[in-house]
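Q: Here the protein sequences come in this chain order: A and B. Letter by letter, the first sequence follows residues 1 to 505 of the numbering used here. Letter by letter, the second sequence follows residues 1 to 316 of the numbering used here.
Mixed in with the good hints there might be a few duds.
What the hints assert, rightly or not - What the simulated footprint calls covered on chain B by chain A, stretch by stretch (three residues with Cβ under 8 Å from a Cβ of chain A suffice, anywhere in the stretch; the number is not a length): (1) 111-123; (2) 180-190; (3) 203-213.
No lab work stands behind these hints, which were simulated from the structure alone. Just so we're clear, the structure is a prediction, and the values are computed from it rather than from any experiment. Yeah, the Cβ is synthetic: ideal placement off N, Cα and C, and Gly gets one too.
The residues making up each chain are set out below.
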Amino acid sequence: MNAGAVGGSLGAPEFELQGISKQFPGVKALDDVSFEIRAGEVHMLLGENGAGKSTLMKVLCGAYQADSGAFFHRGEPVRIASPADAGKFGIAVIFQDFTLVPYLDIAQNIFLGREFASRIPGLTDRRRTYVEARRVLESIGFDIDPRTLVYRLGVAQQQMVEIAKALSQDARILVMDEPTAALSARETEQLFAAIRRLKRGGVAIVYISHRLAEVFALGDRITVLRDGRKVASVLPADTSPDDLVTLMVGRAVDTTYGRTFCAQPGDVVLDVKGLAADSGISAIDLTVRAGEIVGLCGLVGSGRTEVARAIFGADRVTAGEISLAGERIDGSPHDSARRGIAFIPENRKTQGLALARSVGDNIVLAGLQTMFPAGLYAPHRAAQAAQVMIDKLRIATPGPRRIVGLLSGGNQQKVVIGKWLNAGARFFIFDEPTRGIDVGTKAEIFKLLDALASEGAGILMISSEQTEIVHVCDRAYVMRDQQIVGELSREQLTEANIVRLGMQS
Amino acid sequence: MTKPCAVATPSLLARVPGVAIVLAILFVVLGLTSPSFATPANVANILVQSTILLLLALPMTLIIMTEGLDLSMGAVLTFASIALAITVLATGSVSLALLAALVVGSGFGLLNGWLVAALDIPPFIATLGTLGIAQGLSLVATDGQSVVGIPRSIQVVYSGSMLGIPIPIVIGAVAFALLCLLLYRTRFGTYVFALGGNREALRLAGVPVRRMLIAVYALGGAMAGFAALLMTGRMSAAHPTAGLGLEFDAIAAVAVGGTSFERGDGWLIGTLLGVVTVGVLRNGLNLLALPSSVQVACIGALVIFALFVDGLRSRA
Numbered sequence: 001m002n003a004g005a006v007g008g009s010l011g012a013p014e015f016e017l018q019g020i021s022k023q024f025p026g027v028k029a030l031d032d033v034s035f036e037i038r039a040g041e042v043h044m045l046l047g048e049n050g051a052g053k054s055t056l057m058k059v060l061c062g063a064y065q066a067d068s069g070a071f072f073h074r075g076e077p078v079r080i081a082s083p084a085d086a087g088k089f090g091i092a093v094i095f096q097d098f099t100l101v102p103y104l105d106i107a108q109n110i111f112l113g114r115e116f117a118s119r120i121p122g123l124t125d126r127r128r129t130y131v132e133a134r135r136v137l138e139s140i141g142f143d144i145d146p147r148t149l150v151y152r153l154g155v156a157q158q159q160m161v162e163i164a165k166a167l168s169q170d171a172r173i174l175v176m177d178e179p180t181a182a183l184s185a186r187e188t189e190q191l192f193a194a195i196r197r198l199k200r201g202g203v204a205i206v207y208i209s210h211r212l213a214e215v216f217a218l219g220d221r222i223t224v225l226r227d228g229r230k231v232a233s234v235l236p237a238d239t240s241p242d243d244l245v246t247l248m249v250g251r252a253v254d255t256t257y258g259r260t261f262c263a264q265p266g267d268v269v270l271d272v273k274g275l276a277a278d279s280g281i282s283a284i285d286l287t288v289r290a291g292e293i294v295g296l297c298g299l300v301g302s303g304r305t306e307v308a309r310a311i312f313g314a315d316r317v318t319a320g321e322i323s324l325a326g327e328r329i330d331g332s333p334h335d336s337a338r339r340g341i342a343f344i345p346e347n348r349k350t351q352g353l354a355l356a357r358s359v360g361d362n363i364v365l366a367g368l369q370t371m372f373p374a375g376l377y378a379p380h381r382a383a384q385a386a387q388v389m390i391d392k393l394r395i396a397t398p399g400p401r402r403i404v405g406l407l408s409g410g411n412q413q414k415v416v417i418g419k420w421l422n423a424g425a426r427f428f429i430f431d432e433p434t435r436g437i438d439v440g441t442k443a444e445i446f447k448l449l450d451a452l453a454s455e456g457a458g459i460l461m462i463s464s465e466q467t468e469i470v471h472v473c474d475r476a477y478v479m480r481d482q483q484i485v486g487e488l489s490r491e492q493l494t495e496a497n498i499v500r501l502g503m504q505s
Numbered sequence: 001m002t003k004p005c006a007v008a009t010p011s012l013l014a015r016v017p018g019v020a021i022v023l024a025i026l027f028v029v030l031g032l033t034s035p036s037f038a039t040p041a042n043v044a045n046i047l048v049q050s051t052i053l054l055l056l057a058l059p060m061t062l063i064i065m066t067e068g069l070d071l072s073m074g075a076v077l078t079f080a081s082i083a084l085a086i087t088v089l090a091t092g093s094v095s096l097a098l099l100a101a102l103v104v105g106s107g108f109g110l111l112n113g114w115l116v117a118a119l120d121i122p123p124f125i126a127t128l129g130t131l132g133i134a135q136g137l138s139l140v141a142t143d144g145q146s147v148v149g150i151p152r153s154i155q156v157v158y159s160g161s162m163l164g165i166p167i168p169i170v171i172g173a174v175a176f177a178l179l180c181l182l183l184y185r186t187r188f189g190t191y192v193f194a195l196g197g198n199r200e201a202l203r204l205a206g207v208p209v210r211r212m213l214i215a216v217y218a219l220g221g222a223m224a225g226f227a228a229l230l231m232t233g234r235m236s237a238a239h240p241t242a243g244l245g246l247e248f249d250a251i252a253a254v255a256v257g258g259t260s261f262e263r264g265d266g267w268l269i270g271t272l273l274g275v276v277t278v279g280v281l282r283n284g285l286n287l288l289a290l291p292s293s294v295q296v297a298c299i300g301a302l303v304i305f306a307l308f309v310d311g312l313r314s315r316a
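Construct all of the structure, not just a fragment, from the sequences and the given hints.
A: Written out as structure tokens, the structure reads:
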């Protein structure tokens with residue numbers, strides 16, 4: 001009694017994309033990708049970061065225009081030029097950042113912009129709103145009072161409201177982008193139950209996932225993308241988790257970063273034992289020695305950044321201890337910075353730099369207290385210190401007075417590093433150091449990391465780019481679900497091992 | 001398989017609005033210190049005196065819910081009051097005069113909305129600018145003098161009564177009911193919540209976001225224009241500084257009432273209680289013969305105290 005399979009395998013697919021290509025400046029995001037979506041089927045879309053999954057979905061929902069390729073709706077050729085077009089064919093996307101209004105109730109959110117008019121002109125028909133909302137919620141098995149204000153709901157419940165909102169607009173194809181990323185095991189089970197119910201109702205689901213377990217638990221068909229190309233479209237019965245990992249990462253490595261690996265690591269710079277924090281991470285053990293670059297990898301949301309924040313004192317630590325060069329630290333970001341920990345955050349623009357200020361101002365920012373203990377600022381000494389860093393790091397700027405916001409991404413990153421070097425940092429945490437940086441500058445950033453390490457600094461590097469971890473790090477820790485699930489030595493450090501540890505659950 | 005979904009229910013303490021607690025404390029304290037405070041006549045007096053503030057604080061709630069602000073309301077009321085006085089003296093027609101006040105008020109409201117929605121000027125700056133313009137125009141139009149000789153028909157709007165109920169209380173009640181209807185029972189009201197809560201969601205739902213935002217500010221201006229009628233009646237004149245600082249009281253009342261300045265979280269009953277709280281405080285301090293400068297300081301302290309009580313509750 002598999003109604004979905006019957007509806008799905010007969011006749012034309014609900015929707016089909018053929019030979020889709022999409023070029024962005026400098027990168028071919030999609031290269032001749034074909035993809036079919038059948039009613040009553042969950043189609044899992046897999047791939048590493050940057051494989052083209054999101055681009056493909058944006059093409060499908062009309063947010064991007066494909067450079068070439070064709071669309072077919074139930075066998076008929078169609079055009080998708082805007083999100084409105086996609087809506088006409090019943091395509092709805094559930095975005096990761098929700099489109100809900102916190103202080104409206106569930107029913108009002110479901111019908112936002114499509115309110116029912118009452119017989120009294122100007123007013124809305126509340127009774128009808130709640131009746132219809134109840135009907136939609138029931139259809140996905142979500143038992144909740146539609147008068148509940150949305151701000152009271154958890155993430156999983158909000159997701160259900162999003163699904164209800166999409167279905168109330170007669171969605172026949174639901175695109176979900178990592179819907180379980182923020183859900184607990186029980187919530188995930190509830191979501192899966194809802195998805196299975198939708199499937200039985202003949203809805204087609206495109207499900208982007210990073211978790212191999214759910215790919216097999218839920219998928220009817222699996223498509224793997226790699227570097228913008230479709231490398232496989234298989235049925236779950238014909239494949240295995242190991243095969244999928246190989247398909248995802250099986251690429252010839254073409255970029256190498258100059259790195260003299262650390263043969264003889266020095267003393268332990270950072271020692272973390274049993275660390276747990278408010279943010280949810282727990283039982284974190286890790287060490288970094290002088291001269292080492294240690295990777296911290298895992299999927300987005302696995303708790304990598306939270307570990308860095310806890311070490312730096314930005315989140316409240318609830319258990320465990322952190323020592324820097326043998327000295328116990330338990331402090332605030334202020335204390336950590338004073339003792340020589342540098343945190344170079346993921347988002348340079350909002351967290352790392354005062355964008356409207358000069359290169360010089362930014363470089364001396366973290367070291368002001370040590371440079372000018374009396375609190376009196378001496379501009380010429382600040383300028384000297386800035387010039388030292390500009391020379392040392394070869395920051396491409398006409399001078400220390402240049403506004404940081406006008407520099408390239410790579411040079412901005414160098415300014416952040418210079419800021420911490422000037423403050424006397426000896427342990428560096430890099431959170432996604434190459435995000436938004438072009439390939440040439442990437443190599444330069446890694447050269448810098450290498451130089452820092454060979455001068456005896458300890459470095460902890462968080463990155464979603466597994467190739468980078470493999471090519472740059474002496475060792476790496478892999479995280480999953482807020483915990484460290486494995487450590488890989490230089491010899492074991494391969495992309496396949498990282499993916500295997502990070503995904504299986 | 002349907003499992004009822006657990007939703008966090010607020011504790012009993014958190015369900016009693018903070019403003020009600022503050023109001024109760026204030027009432028008891030003033031009742032004990034001033035014998036003439038807790039009398040029916042004085043309570044009616046407080047309500048009458050609070051009406052003008054209510055007419056400003058209600059639309060101010062909506063504006064603040066959109067993560068906006070209108071600093072120009074007091075000055076716009078003043079200018080509308082002068083337009084009303086001049087028109088009634090020139091034509092003798094009360095309805096024409098009211099029309100003039102409404103035109104001035106809505107005009108400034110539309111201007112505020114246009115500056116905020118179309119030109120993307122931060123509401124604080126945009127309405128600070130129009131505050132200056134309206135205040136300046138009031139002084140220019142009157143040469144700094146009060147406009148006197150207001151006919152009794154306008155004074156009656158403030159001092160008269162209908163079926164034994166003072167007319168301002170009737171006006172206040174009608175305005176409150178209409179605004180509740182608007183916020184909770186119309187599309188427009190739903191969009192007000194969304195303008196502050198998730199403007200992007202509203203845009204994605206195909207709602208003309210800018211037009212809605214302009215309408216919210218225009219409503220504020222129009223109500224300030226209407227409040228000018230009561231103000232002129234109360235003073236029996238139009239003073240070029242009559243509305244000075246009213247926006248302060250209005251914003252204070254909204255804040256005391258528990259409307260949040262972000263995420264589109266607001267409610268009109270809270271604002272009503274906030275207005276009464278500010279009115280009770282002013283009245284009580286008057287009875288204690290404290291100067292108005294002290295009253296302003298006390299309202300400032302009240303805002304901080306009310307938000308402190310709110311903070312305690314949300315942690316409870």
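Q: None of the hints should be skipped; say for each whether it holds.
A: Here's how the hints hold up against the structure:
1. 111-123: violated (count 0)
2. 180-190: holds (count 5)
3. 203-213: holds (count 4)
Of the numbered hints listed earlier, the single one contradicted by the structure is hint 1.
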